[in-house]
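Listed below are the residues making up each chain.
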Amino acid sequence: MQTAGPVAADAPAGAPDRPGPSNHLTPADQAALLRAMLLMRAIEARALTLYRQGRVPGSFYDGFGQEAVSVGAAFAMGPRDRLCPLHRDLGAHLVRGVEPVRILAQYMGRESGVTGGRDGNVHFGDASLGVVGMVSMLPDMMCVATGMAMAFKLRGEQRVALTWFGDGATSRGDFHEAMNWAGVQRLPVVFVLENNQYAYSTPLGKQFAVDPVERARVYGFPGVTVDGNDAEAVFEAVRIARERALAGEGPTLVEAVTMRMHGHAAHDDMRYVPPALLAAWAQRDPIERQERRMAALGVDVAALRAEIDAVVEAAAAEALAAPMPDPATAAEGVFAVGEAQPLGDGRAPWSWFASDPAADRAVPTGSAANGNGAGRGTAR
Amino acid sequence: MAVMTYLEAISDALREELRADERVLVMGEDVGAFGGAFKVTDGFVEEFGEARVMDTPLAEAAIVGTAVGAAVVGMRPVCEMQFADFVACGFDQLVNVAGKTHYRFGLAVPLVVRLPSGGGFSGGPFHSQSPEAWFMHAPGIKVLAPSTPADAKGLLTAAIRDPNPVVFLEHKHLYRRINGEVPAGTYETPMTARIAREGSDLTVIAYGAMVHAALEATEPEQLDCASVEILDLRSLVPLDDAAILASVAKTSKVVIVDEANETCAPGAQVAALIADRAFEHLDGPVRRVATPDVPIPFSPPLEQAVLPSVERIREACRELLEY
Numbered sequence: 000m001q002t003a004g005p006v007a008a009d010a011p012a013g014a015p016d017r018p019g020p021s022n023h024l025t026p027a028d029q030a031a032l033l034r035a036m037l038l039m040r041a042i043e044a045r046a047l048t049l050y051r052q053g054r055v056p057g058s059f060y061d062g063f064g065q066e067a068v069s070v071g072a073a074f075a076m077g078p079r080d081r082l083c084p085l086h087r088d089l090g091a092h093l094v095r096g097v098e099p100v101r102i103l104a105q106y107m108g109r110e111s112g113v114t115g116g117r118d119g120n121v122h123f124g125d126a127s128l129g130v131v132g133m134v135s136m137l138p139d140m141m142c143v144a145t146g147m148a149m150a151f152k153l154r155g156e157q158r159v160a161l162t163w164f165g166d167g168a169t170s171r172g173d174f175h176e177a178m179n180w181a182g183v184q185r186l187p188v189v190f191v192l193e194n195n196q197y198a199y200s201t202p203l204g205k206q207f208a209v210d211p212v213e214r215a216r217v218y219g220f221p222g223v224t225v226d227g228n229d230a231e232a233v234f235e236a237v238r239i240a241r242e243r244a245l246a247g248e249g250p251t252l253v254e255a256v257t258m259r260m261h262g263h264a265a266h267d268d269m270r271y272v273p274p275a276l277l278a279a280w281a282q283r284d285p286i287e288r289q290e291r292r293m294a295a296l297g298v299d300v301a302a303l304r305a306e307i308d309a310v311v312e313a314a315a316a317e318a319l320a321a322p323m324p325d326p327a328t329a330a331e332g333v334f335a336v337g338e339a340q341p342l343g344d345g346r347a348p349w350s351w352f353a354s355d356p357a358a359d360r361a362v363p364t365g366s367a368a369n370g371n372g373a374g375r376g377t378a379r
Numbered sequence: 000m001a002v003m004t005y006l007e008a009i010s011d012a013l014r015e016e017l018r019a020d021e022r023v024l025v026m027g028e029d030v031g032a033f034g035g036a037f038k039v040t041d042g043f044v045e046e047f048g049e050a051r052v053m054d055t056p057l058a059e060a061a062i063v064g065t066a067v068g069a070a071v072v073g074m075r076p077v078c079e080m081q082f083a084d085f086v087a088c089g090f091d092q093l094v095n096v097a098g099k100t101h102y103r104f105g106l107a108v109p110l111v112v113r114l115p116s117g118g119g120f121s122g123g124p125f126h127s128q129s130p131e132a133w134f135m136h137a138p139g140i141k142v143l144a145p146s147t148p149a150d151a152k153g154l155l156t157a158a159i160r161d162p163n164p165v166v167f168l169e170h171k172h173l174y175r176r177i178n179g180e181v182p183a184g185t186y187e188t189p190m191t192a193r194i195a196r197e198g199s200d201l202t203v204i205a206y207g208a209m210v211h212a213a214l215e216a217t218e219p220e221q222l223d224c225a226s227v228e229i230l231d232l233r234s235l236v237p238l239d240d241a242a243i244l245a246s247v248a249k250t251s252k253v254v255i256v257d258e259a260n261e262t263c264a265p266g267a268q269v270a271a272l273i274a275d276r277a278f279e280h281l282d283g284p285v286r287r288v289a290t291p292d293v294p295i296p297f298s299p300p301l302e303q304a305v306l307p308s309v310e311r312i313r314e315a316c317r318e319l320l321e322y
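Taken in sequence, the protein lines are chains G and W. By the count of numbering that gives the first Met the number 0, the first sequence reaches residue 379 at its end, each step adding exactly one. By the count of numbering that gives the first Met the number 0, the second sequence reaches residue 322 at its end, each step adding exactly one.
Calculated directly from the structure, the hints in this document are not laboratory data. Every residue, glycine too, gets a C-beta built ideally from N, C-alpha and C. Where hints are given, some of them may not hold.
[To be verified] Every beta carbon over 12 Å from chain G, so not counted as near; a handful from chain W, in silico:
| id | residue |
| --- | --- |
| 1 | 7 |
| 2 | 19 |
| 3 | 262 |
| 4 | 302 |
| 5 | 310 |
[Stated by the list, open to error] Not everything, but these chain G residues come out facing chain W in the computed CB check (under 10 Å):
| id | residue |
| --- | --- |
| 6 | 122 |
| 7 | 126 |
| 8 | 131 |
| 9 | 139 |
| 10 | 142 |
| 11 | 158 |
| 12 | 176 |
| 13 | 177 |
[Claimed, not checked] Derived DEER-like restraints, expressed as beta-carbon distance ranges:
| id | chain 1 | residue 1 | chain 2 | residue 2 | range |
| --- | --- | --- | --- | --- | --- |
| 14 | W | 95 | G | 357 | 34 to 44 Å |
| 15 | G | 270 | W | 120 | 56 to 66 Å |
| 16 | G | 110 | W | 38 | 44 to 54 Å |
Produce the complete structure using the sequences and hints provided.
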């Protein structure tokens, strides 16, 4: 049986998850993490139904079971930071502020989708929110994120770039080129390796001889492994990586160990995955873990789920009613005209950023945000 | 106006844009303290510093990919491939990331990739290629190929100011061989064709180094005083359809010259355009002179056997004039 990779900071199913692994999150932050993960899963579940109903052209790719990786990492990023998410990282787009109706319209190729029907599924990025959409060649966006960080450093700006990529992507040359470049120039970039055990059908044992997190050291920066099914643990690892970057200490490779609970895409029955492996990972669902934490804090989780479901159902209805793009526009927009507009700033819901207009440029020192409702904690 | 070499004009454009726009960044292998393999950026580090004239690792995919990242956060990167041939290693980042981003979600990627291209000096199969057609076939990328110092400066300036990815083919064989008057200060040359010589009996369509070969091949005393028009395309994407069709309408006979390998070279697109939209004006077959579909060989007699020569161009013109 294919075994899972190393998992740090894991807790057995059912064990009490409070307090979480980060003391930089207020209860409102913890609830926001749960909310974003619930929203991601509800949107993807709805989209899968739409796919089976023939409403989603092509195939459909989801991040079922991996919600903590994109939500936790994106939650640590400031408004002026820039993100390059992967196809199982819908949560990053949600944290950044993309509305569910635009995402569902995107899946269905509607004019009101983020790409207006020019690209499908999670191949989008809302440039106005500081997000660059991925390409299918993996991990090309590692080089792009490295270039953003290069520009930040060159201009003396206190900003960070972050990108996600999978275990399969570590075999391609762009992984090496980006890691090496970022190490040589000590760039403020965070690389999140989303280790979900399989690259389509290829297990880790056929992908690499040494866990790629080990490679960070030889490029001159740290690599850390974190439980990718714990949003707070992912947040904490990325928060620390971001602090290092802002302090001028260079990149960090964060390996988030998780499991792809669905096939590579909707057409894939993933018969190559041992059922026992899936069953074991099902016991460690990232959403259920966060729900237990929030229930312990007195949050009405059932009400939150109901609210999310209603939001998604309304978004689906609106997206279904949205028009398809005009075929006459298919050749438009190949080239930009006029002055190039750079990426805009995104939503950054972590309470630390709301606490001070300059917070995204500073490093939160100390801790103790947990439980007292004060985002700054003991920060100076 | 100053007289400059083609290479000096390219340097001049880069220097002027670095001075004028703090967003401009020059990056590539050995472009910093060493001044570049061909010395295009000689002395730049002293004026602009190592951050803006950046020596990079030997990593073409990352050179293009990081340039994309820098571009979308407000920089204007100008990448140098040490030789055009090496852009093959950065092809994916150019074609799939840079070229498609604006179409997919409206994000402009203003970057330039300079490609020292072309053969004629025993560079062999990996230092002599003319890869312009690769990028003509990739939507979202502009492709420029100047033939004169003045156009090299003006087109490179226009490329740097353009909001799109631009590949800029600078022919190595022109670097120090071709001189010309170059206006001082900054100016943009339009991405359109130019008539390099007026004529009425036949049109030769060319770009880059082949413009000079075409001019030499068609000197009137070499062709029984025939009046041959030379159309210098300058820009391959966008392609100046109107100028091509206007010249064909005037002369009715066309020879198209490519240094690129023949199949699907720029000249193939030009020939197809003429067949489609200027058929009624033709008074003879559209003739092509190009490099056959072989790697560029190293040994001088082999290389000269494949690159379009003045003699081959002249012979094609002579046959067509007699048609």
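Cross-check of the supplied hints:
no. : hint                       : in the structure
1   : 7                          : holds (27 Å)
2   : 19                         : holds (15 Å)
3   : 262                        : holds (24 Å)
4   : 302                        : holds (31 Å)
5   : 310                        : holds (40 Å)
6   : 122                        : holds (7 Å)
7   : 126                        : holds (4 Å)
8   : 131                        : holds (6 Å)
9   : 139                        : holds (5 Å)
10  : 142                        : holds (2 Å)
11  : 158                        : holds (8 Å)
12  : 176                        : holds (4 Å)
13  : 177                        : holds (6 Å)
14  : W/95 to G/357: 34 to 44 Å  : holds (37 Å)
15  : G/270 to W/120: 56 to 66 Å : holds (58 Å)
16  : G/110 to W/38: 44 to 54 Å  : holds (51 Å)
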